[in-house]
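Engineer: Listed below are the residues making up each chain.
2 protein chains.
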Amino acid sequence: MKFELNDAISVLERTPATLQTLLQDLTMAWTHQNEGNDSWSPFDVLGHLIHGEKTDWMVRTEIILSDKPNKAFEPFDRFAQFQNSKGKTLTALLAEFKTLRTDNLSLLRSKNIAAKDLERTGVHPEFGPVTLSQLLSAWVVHDLGHIAQISRVMAKQYKEAVGPWPKYLTILNHTPSE
Amino acid sequence: MKFELNDAISVLERTPATLQTLLQDLTMAWTHQNEGNDSWSPFDVLGHLIHGEKTDWMVRTEIILSDKPNKAFEPFDRFAQFQNSKGKTLTALLAEFKTLRTDNLSLLRSKNIAAKDLERTGVHPEFGPVTLSQLLSAWVVHDLGHIAQISRVMAKQYKEAVGPWPKYLTILNHTPSE
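In the order they appear, the protein sequences are chains A and B.
Just so you know, we're using our numbering here: the first sequence kicks off at 429 and counts up by one.
Just so you know, we're using our numbering here: the second sequence kicks off at 429 and counts up by one.
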């Protein structure tokens, strides 16, 4: 599938509502438990998505579209949520994510990005030059990956409860390193 | 996490809305493409969930709770959707799933299931005796597994578009056998 800005936005704009529908008002047994060890709970993932809205996707988009000569992205802090989400409720995080995403997509639309802009580049701290279309595609995939992760972490809470069923419920049997 | 009927229902009742939020009005490039070979598209998965509502979860629950001596479950047809979904739109499938799930959860609630009922058993064609709580837990995990699968299949459509990012977007790198 070739990148098209409208296709990307149509997924990005629905993620807050998808997570709200999936998680709002569930008990903490569903939302605050992880897959063991230092894995993340749905609550942790939501904090990570919020930090991405604040420091990653649109910040990097602006760097790519700016006229400044320095196109280097700051490294992304994958663990900021453990400090930032402290003392907050899941409901508060869902609302915060929705506001940030709405604002970021308004900003994205305001850029009137043309086909040639999608080929402009920034410098990723590890990958080197990446194009705007690669960055925006990664934003979409990042959302979908974390929706899948949240579903998997919730499913894992019933790993024992299903008795013999893990054979046909393969989501119970793997823990990718995210 | 120990099985509790209310916890299970609180997840089961939101799946139709979650899928509607995730999929409704997206282009067919997002909803009708799969992960290659004979893997399933989001549209195929939705048909599979519908078939489960019609022939699996509550049908088996009724067998377990019935007074009939024969507690054998019929094998579940994992490929019925390829015939049954033909000519239907995604919007129609989303609506059908929502209606079937609502009706099934009304039926489930009407059973006034007590703690001792959760230990009653039916006979799975492959596993042998399974308890009602195992069956209902499997229903929940089955939903969550397919939400994760749909997210993954959508993400895969941008596998090339993200350029170097698959290293940190691990959802792009695996295809479990569902």
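You may find that some hints are simply not true.
Chain copies aren't distinguished; within one or between two, either way the pair holds.
No farther apart than 27 Å at their CA atoms in a straight line, the calculated lysine-lysine pairs in the DSS-like style are these [what the hints assert, rightly or not]:
1) 430 <-> 544
2) 544 <-> 496
3) 516 <-> 499
4) 430 <-> 595
5) 539 <-> 516
6) 499 <-> 595
Hints were generated in silico from the structure; no laboratory data involved.
Engineer: Taking the hints in turn, state whether each one holds.
Structural biologist: Hints, one by one, checked against the model:
no., hint, result
1, 430 <-> 544, "within (15 Å within a copy, 55 Å between copies)"
2, 544 <-> 496, "within (18 Å within a copy, 69 Å between copies)"
3, 516 <-> 499, "neither (34 Å within a copy, 48 Å between copies)"
4, 430 <-> 595, "between (36 Å within a copy, 20 Å between copies)"
5, 539 <-> 516, "neither (33 Å within a copy, 38 Å between copies)"
6, 499 <-> 595, "between (49 Å within a copy, 21 Å between copies)"
In summary, the numbered hints that this structure violates are 3, 5.
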